[in-house]
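Participant: So the chains spell out like this:
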Amino acid sequence: MPGGALSRPPPAMAGRLHQLRKRLFSNWFDGIVTLLAGAALVSIVVNLVDWAFLNAVWSEADVSQCREVSGACWSVIDARGRLVLFGLYPFDQHWRSTLACLIIVITMILSCLPALWGIKRLSALWIAGFGTFVVLMYGGIFGLSVVTTEQWGGLSLTVFIFAGVFVLGMPMAVGLALARRSKLPVIHWLAAIFIDTVRSLPLLTILFAAAVVVPFVVPQWAQGDKLGRVVVAFAIFYAAYQAEIIRAGIQSIPSGQEEAAQALGMNYRSVVLDIILPQAFRNTLPSTINQVVITFKETSIVTIIGFFDVTASASAAVGRGEWGAYYIEIYVFVALIYFVFVFGLSRYGAYLERRTRLHHG
Amino acid sequence: MLRVLRNRRTRGYVIQAAVLAASLLLTLSFVLTARDNLVSQGIATGFGFLDRSTGWPINFSIIEATDRSPYSRMLLAGFLNTILVGLAGLACATCVGLAVGLMRVSSNLILNVLGTVFVETFRNVPLILQVIFWYAILTHMPSPRAAIDLAGLGFLSNRGLMLAAPAWSALDLAIIALSIIAALFAAHRFGGTRPLAPWGLALAGIVALSVVLLFLGHEPEMPLISQPELRGLRFVGGVTIKPEFSALLIAIMAFGGAYIGEVVRGGFLSVDKGRLEAARALGLSNAQINRFIRIPLAIRAMLPALTNQYVWLMKATTLGIAIGYPDYFMVVSTSINQSGQTMELLLLLMVGFLLINYTISGTMNWINGRLAIKGRS
Chain H
1 MPGGALSRPP PAMAGRLHQL RKRLFSNWFD GIVTLLAGAA LVSIVVNLVD WAFLNAVWSE
61 ADVSQCREVS GACWSVIDAR GRLVLFGLYP FDQHWRSTLA CLIIVITMIL SCLPALWGIK
121 RLSALWIAGF GTFVVLMYGG IFGLSVVTTE QWGGLSLTVF IFAGVFVLGM PMAVGLALAR
181 RSKLPVIHWL AAIFIDTVRS LPLLTILFAA AVVVPFVVPQ WAQGDKLGRV VVAFAIFYAA
241 YQAEIIRAGI QSIPSGQEEA AQALGMNYRS VVLDIILPQA FRNTLPSTIN QVVITFKETS
301 IVTIIGFFDV TASASAAVGR GEWGAYYIEI YVFVALIYFV FVFGLSRYGA YLERRTRLHH
361 G
Chain Z
1001 MLRVLRNRRT RGYVIQAAVL AASLLLTLSF VLTARDNLVS QGIATGFGFL DRSTGWPINF
1061 SIIEATDRSP YSRMLLAGFL NTILVGLAGL ACATCVGLAV GLMRVSSNLI LNVLGTVFVE
1121 TFRNVPLILQ VIFWYAILTH MPSPRAAIDL AGLGFLSNRG LMLAAPAWSA LDLAIIALSI
1181 IAALFAAHRF GGTRPLAPWG LALAGIVALS VVLLFLGHEP EMPLISQPEL RGLRFVGGVT
1241 IKPEFSALLI AIMAFGGAYI GEVVRGGFLS VDKGRLEAAR ALGLSNAQIN RFIRIPLAIR
1301 AMLPALTNQY VWLMKATTLG IAIGYPDYFM VVSTSINQSG QTMELLLLLM VGFLLINYTI
1361 SGTMNWINGR LAIKGRS
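Chain order of the listed sequences is H and Z.
Heads up: the first sequence is residues 1 to 361, going by our numbering.
Heads up: the second sequence is residues 1001 to 1377, going by our numbering.
Here chain H stands alone, though its shape is the one from the complex:
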């Protein structure tokens, strides 16, 4: 803490070392806690490093050593990693799956740039990114062979569900939020009942209904394939939560702004698109990112209704005999994949939150 020479505390009290001492050994009880917790922390770190790096076996060729060492047997990733990442996607087409995932990741990174924050720009970006993803994965044009959705699996299926839910769910959420704020009572109440019902049900039951029950209550021609139905149902679920976030954002805007816009003769479309929504989104950016993070994690639920996403393929990779003993390594590997996505996104959300707080003082 530089500056203010006269009012500074005596040198012995300032400085890093003193700060550290105060945060570790401020009194005898604190000291004991520090020693015990420190010992626990050190033992966790030492054991982890020991298991994951020092005593680990790395390549599939050395798999025979796995039984002898006490550490991790990463050979299983070497041997089964492709299954986890690509599922049942045809082996010689794996590059398409990789490229498609990269495109969505790039789309996500691009939409974090404030220069692209605009309703038209973001919509165009996501429709382009998602469209390219689907064309690459499904094929059928540009000489790419057709790969049906039953063969999609692994990380690209997780990414597809996530991106699909986001692209479909966001416009639905805006629609629901506006409907719930409508002055027409029928529209308002229908939207309110719909949103509250969806929000009170577990996601799993909604996906289950889409996969199993919809064929039962919807005529054959309107059913679509199972993956499509599940993505739409998931998008509805996301939209119900996102709609409430957007509604909170709209309510945080002083009503004078809407009235002023109307007084200037702007029509409803223009008031919503140019005045209300941009501010509503900016005000609720942290909650929106939080919801996106939760959605990414919850894509793993499709495992239960029989899709081969990255969680399901992890279980499949260790399900059969020969690699069954190394289940921890596979699950840790998949957990790391989720961690990278989710941790990255939530750090970005925290950064945005700090930024908005600074701007608002």
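Please note that a few of the clues may not be correct.
[To be verified] Distance condition first, Cα-Cα at most 20 Å in a straight line; then the derived EDC-like pairs of lysine to aspartate or glutamate:
#1 H:LYS226 / H:GLU150
#2 H:LYS183 / H:ASP196
#3 H:LYS297 / Z:GLU1120
#4 H:LYS297 / Z:ASP1067
#5 H:LYS183 / H:ASP78
#6 H:LYS120 / H:ASP274
[Claimed, not checked] Rough simulated footprint, nothing fancy, chain H against chain Z, three-plus residues with beta-carbon under 8 Å:
#7 1068-1078
#8 1105-1111
#9 1327-1338
#10 1349-1357
[As the list claims (entries may be wrong)] Here are some, though not all, of the chain Z residues that point toward chain H, as calculated from beta-carbon distances under 10 Å:
#11 VAL1019
#12 VAL1031
#13 SER1270
Don't read these hints as lab results, they were simulated from the structure.
Where a beta carbon is used, it is the ideal one built from N, C-alpha and C, also for glycine.
Dock chain Z against chain H, hints included.
Facilitator: Just chain Z now, kept in the frame of chain H:
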């Protein structure tokens, strides 16, 4: 001007009528298609199937439910399983969350680091992956013959956790219940502001009397506590906690604990610094500040967020189906597969979860109302 108003009004009516008609038509078409499908499969609608026996068992239940039980009993067993794992999960997650949250707001650097590592690890991995992971760990434990001995408390094997359990008869339960009532009465009668000695004596007397009664009423070969014992290939006696239940509980505890930890931290950080400084200026000690200022204010700030977490965690118990824990959702979905009574069962499923959600949020709102500082919203 009037015409414009009338036009806008008419337009509003037309839009509303159209939307209403469309939603009704959609619902009607669902119902009609469903009825066609039911007729073609020869399934009778209505709730008559609830009295039929199921013909399939579930592997875990706290009430008697076998493959000959009717659907109604099976659904009740599933519902109770959901409540059981949900309440146990909420309790454990709250304890873990409280510990982790306090670690994160503590002034001790090492505790901060430990708390942060815990939160970031368990919050950023999907719950279902954690459930599957813990289930894999628990089912890879040694077989009952080589079970791990937990120092007299019980045994851990791939069949579950076998714990010593109280083996109480109805008489024992009556004695225990009576003594608890007597103790509460003593506390009420002699407690409060009066000196400690008389009601402490009364309490000790009640405890001693009930212990003597419990031992007198027992034959020597019938122990009060039943210990699990290895007989052949499996354990007999005590109580067995199945790996399905434990895995779901551990996962909810860790995942929920991480989220609740953040709620707790948020609650403590929301306490205005000025109030703490004012308390210090008034000469309150650190313990007094914590007890009278910081904790009461933090709890009030936490409650709304905590309610959301509780409702969310309760819904998350449905993930138990991934490892075969027979919760309400699993029983309902099996029933749909087996009986084909899709619409009725879906309705029951929705009603069940609405009931749980509204009970939790109602209770939490009641607590919130009781705790709210008077004169402020």
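Participant: Now tell me, hint by hint, if it's right for this structure.
Facilitator: Here's how the hints hold up against the structure:
1. Distance hint between LYS226 (chain H) and GLU150 (chain H) is fulfilled; the C-alpha atoms sit about 9 Å from each other, no more than 20 Å.
2. Using a Cα cut-off of 20 Å, the hinted pair LYS183 (chain H) and ASP196 (chain H) holds, with the two alpha carbons roughly 19 Å apart.
3. At roughly 14 Å between alpha-carbon atoms, LYS297 (chain H) and GLU1120 (chain Z) fall within 20 Å of each other, so this suggested pair holds.
4. Between the alpha carbons of LYS297 (chain H) and ASP1067 (chain Z) the distance comes to roughly 36 Å, so the proposed pair goes past 20 Å and is violated.
5. For the proposed pair LYS183 (chain H) and ASP78 (chain H), the alpha carbon gap of about 59 Å is over 20 Å, so the pair is violated.
6. Distance hint between LYS120 (chain H) and ASP274 (chain H) is fulfilled; the C-alpha atoms sit about 11 Å from each other, no more than 20 Å.
7. Check on the stretch 1068-1078 of chain Z: 0 of its residues sit with their Cβ under 8 Å from a Cβ of chain H, so the three-residue criterion for coverage is violated.
8. With 5 residues having a beta carbon nearer than 8 Å to a beta carbon of chain H, the stretch 1105-1111 of chain Z meets the requirement of three or more and the stated coverage holds.
9. As drawn, the stretch 1327-1338 of chain Z meets chain H at 3 residues by the rule of a beta-carbon pair under 8 Å; at three or more, the given contact holds.
10. Given as covered by chain H, the stretch 1349-1357 of chain Z passes the check, having 5 residues with a CB less than 8 Å from a CB of that chain where 3 are the minimum.
11. The restraint placing VAL1019 (chain Z) at the interface with chain H holds, with a minimum CB-CB distance near 6 Å, inside the 10 Å limit.
12. Interface restraint check: VAL1031 (chain Z) against chain H, minimum CB-CB distance 8 Å, threshold 10 Å, status holds.
13. For SER1270 (chain Z), the interface hint is violated, since its Cβ never comes within 10 Å of a Cβ in chain H; the closest pair sits about 14 Å apart.
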